[in-house]
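*Asks:* Chains as they are written, first to last, in my numbering: chain A, 1 to 118; chain B, 1 to 114.
Incorrect hints may appear among the rest.
To be verified - Quick list of simulated restraints, FRET-style, between CB atoms:
| id | chain 1 | residue 1 | chain 2 | residue 2 | range |
| --- | --- | --- | --- | --- | --- |
| 1 | B | Leu11 | A | Gly16 | 40 to 46 Å |
| 2 | B | Asp27 | A | Thr116 | 33 to 39 Å |
| 3 | A | Val3 | B | Gly59 | 19 to 25 Å |
If you are wondering where the hints come from, they were derived from the structure by calculation, not from laboratory data. Just so we're clear, the structure is a prediction, and the values are computed from it rather than from any experiment. Backbone N, C-alpha and C fix where the C-beta goes; we use that ideal spot for every residue, glycine too.
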Amino acid sequence: GAVVSQHPSRVICKSGTSVKIECRSLDFQATTMFWYRQFPKQSLMLMATSNEGSKATYEQGVEKDKFLINHASLTLSTLTVTSAHPEDSSFYICSARALRNRSGNTIYFGEGSWLTVV
Amino acid sequence: QKEVEQNSGPLSVPEGAIASLNCTYSDRVSQSFFWYRQYSGKSPELIMSIYSNGDKEDGRFTAQLNKASQYVSLLIRDSQPSDSATYLCAVASSPGGGADGLTFGKGTHLIIQP
Numbered sequence: 001g002a003v004v005s006q007h008p009s010r011v012i013c014k015s016g017t018s019v020k021i022e023c024r025s026l027d028f029q030a031t032t033m034f035w036y037r038q039f040p041k042q043s044l045m046l047m048a049t050s051n052e053g054s055k056a057t058y059e060q061g062v063e064k065d066k067f068l069i070n071h072a073s074l075t076l077s078t079l080t081v082t083s084a085h086p087e088d089s090s091f092y093i094c095s096a097r098a099l100r101n102r103s104g105n106t107i108y109f110g111e112g113s114w115l116t117v118v
Numbered sequence: 001q002k003e004v005e006q007n008s009g010p011l012s013v014p015e016g017a018i019a020s021l022n023c024t025y026s027d028r029v030s031q032s033f034f035w036y037r038q039y040s041g042k043s044p045e046l047i048m049s050i051y052s053n054g055d056k057e058d059g060r061f062t063a064q065l066n067k068a069s070q071y072v073s074l075l076i077r078d079s080q081p082s083d084s085a086t087y088l089c090a091v092a093s094s095p096g097g098g099a100d101g102l103t104f105g106k107g108t109h110l111i112i113q114p
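Let the sequences and hints guide you as you build the complete structure.
*Replies:* In structure tokens, the structure reads:
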């Protein structure tokens, strides 16, 4: 079953508003979570690396003031898209790194969140 | 800048045949290599991971890694229509891809023809 849960799975918001996406590791502690964005027919692009208790590390070209990331606990990271615009419409996916290896795979992906800004 | 290259396809393979998916990467210090399957509108799911040169088999799937050539491939034997999806190659600089996230290719769209 899913070990990383994202919520909401789909959200529609008005241009200029903010929307928060949650990423939870369900049965393990995740010191590191990653946020990706995927536009239609494009690959997943890493946006930022979120470390519990510290500031997120953003990839080049990603606005940290627009995409606010909070990793307040070992099981929850949130991505807030502030002042959203239609060009922010995308599929946002988080992944989490388990503290211990599990079946040889240390990274688990959430189900993704579709954001549509109208 | 790290790059992962894949042929976008579509790659069309008859049911029951072997599907061969290829990927090259630019960062020589890459240590971890992954193949993910992604259905339209869904999150990627891990198919295989490989960390050392050679072949790694898991059921119908075989991953092949050649670090000298910076090349990784995925073979799918006895292809089934349910294998039709986009296959993403991903690379990480750290063992297990744990520390610094993954760099993904654009994916190869695979179609298995019944």
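*Asks:* Each hint should be assessed against the structure and marked as holding or not.
*Replies:* Hints versus structure:
Between Leu11 of chain B and Gly16 of chain A the beta carbon distance is about 42 Å. The supplied range of 40 to 46 Å therefore holds. Checked against the hint of 33 to 39 Å, the pair Asp27 of chain B and Thr116 of chain A passes, with Cβ atoms roughly 34 Å apart. Between Val3 of chain A and Gly59 of chain B, the C-beta spacing of about 21 Å keeps the proposed range 19 to 25 Å intact.
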